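Read top to bottom, the protein sequences are chains A and B.
Everything in the first sequence is counted per our numbering, starting at 1 for the first residue and increasing by one.
Everything in the second sequence is counted per our numbering, starting at 1 for the first residue and increasing by one.
Keep in mind that a hint or two might mislead.
Claimed, not checked - Okay, derived cross-link-like pairs now, DSSO-like style, lysine-lysine, Cα gap no bigger than 27 Å in a straight line:
| # | chain 1 | residue 1 | chain 2 | residue 2 |
| --- | --- | --- | --- | --- |
| 1 | B | 69 | A | 59 |
| 2 | A | 56 | B | 58 |
| 3 | B | 69 | A | 56 |
| 4 | B | 69 | A | 5 |
To be verified - Quick look at which bits of chain A chain B covers, simulated, 3 or more residues with Cβ under 8 Å:
| # | stretch |
| --- | --- |
| 5 | 34-42 |
| 6 | 85-96 |
Keep in mind the hints are simulated off the structure, nothing from the lab.
The structure presented is a predicted model; accordingly, all values stated were derived computationally and were not measured.
Built from N, CA and C at the ideal position, the CB exists for glycine as well.
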Amino acid sequence: MTTIKAACLGVIGCAAVWSGCASTLPAERVAAPRAAIRAAEEMGAYNVPRASLHLKLAKDQVAQADALIRDDEQERAAWVLTRADADAELALLLAREQRVLEEAAAVRNQIHELQQRTTPKS
Amino acid sequence: MRSHSRVLYMLGLLGISAVVGACAATEPRELLDARAAYEEASRSRAPELSPAELQTAKESLGRAEFAFKEDGNEQYVRDLSYIAERKAEFARIQSKVVEAVRMKEQADQELLSMATNLAETKNEALAVEQRARAKAEERMKEALARLAAFSAIKEEARGTVITIPGQVLFESGKYAILRNAEQSLNQLAEALLEERNAAIVIEGHTDSQGSDDFNRQLSLDRATSVRDYLLQRGIAPDRILACGIGEDRPVAQNTSPEGRANNRRVEVVVKEPNAKLACTYP
């Protein structure tokens, strides 16, 4: 089990933690989900129900990871941060989808208005 | 699933769990969710629109499956499954984003070409209007030149005044338009039709022979005849007024036959568009 878990951690980018050589998580691993959370918030994730759900999961898990780090549970914290990152990235994408859809709808509206104006009334 | 756990439980009671090992471990809910999410992503347009993300999701699910096979329902297996589910969902949503971006790009293109067409149409319409106006002005000039053959044209403060001698239009003492005059009046009508919105006053004038009342009535009847004729030729009735001036505004002495002939006349006053129509001048 140890080997597989270590390999998995390696793939998801926290081999150093599991190796036992390092006692703290690399800064970028801690920062990654936070950056994604900020990006999702800026994209308006709060206004998109599904995005908002994943945003909340991400934030809760970041808080949970902080607590784990304080308790020196580095390995568990690494896993929780990875989960948080996956949620934050998904929240960002869902918010982006909504934005693109709204932009497309706005252009469609403009087209419709233009058509209304140029079509002579019978 | 439930039967699985029951079997496991019973095996545990029998003390042979070690034999069964991880192989019979309950599949965690997260793994089932991850599989379902990957299935859904595979059925979506992700293979076509977001293949790289779908591949990442596939690898992520593969790691979870492998870890479960080796280690069973461990926390980290649930973590891997949880992440795999997000990756699968990410791939599916990414395909929808790509689709939406394409839709928007298409709409942008459509809007751009519509706006371009509109601008072109506008320019074309403007050019057509300019050509039409130039043509109308030319026709107006021609019409005025033809009018000049039987009438005098002067620019005055009250407007363009076209003076038609009485004998061209009427028999002495009568107000029915002579058949010979019709062609001249047709040319007048043509010229007036070119001046699309101009206001028009038709004034009848006489010499001083005969009573004032008679002359006023005759001049009004003659002006009205010309007005009626022009209406028949298509001039709008609200643009045109007939006035009987009688002998009040001579242009020559009434003492000589030539002077009297000059005073017997119809004046067509062409005014600015929307000018007030009246028989008197301030």
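(request) Could you tell me which of the hints above the structure violates, numbers in ascending order? (result) Per hint list: 1, 3 and 5 violated.
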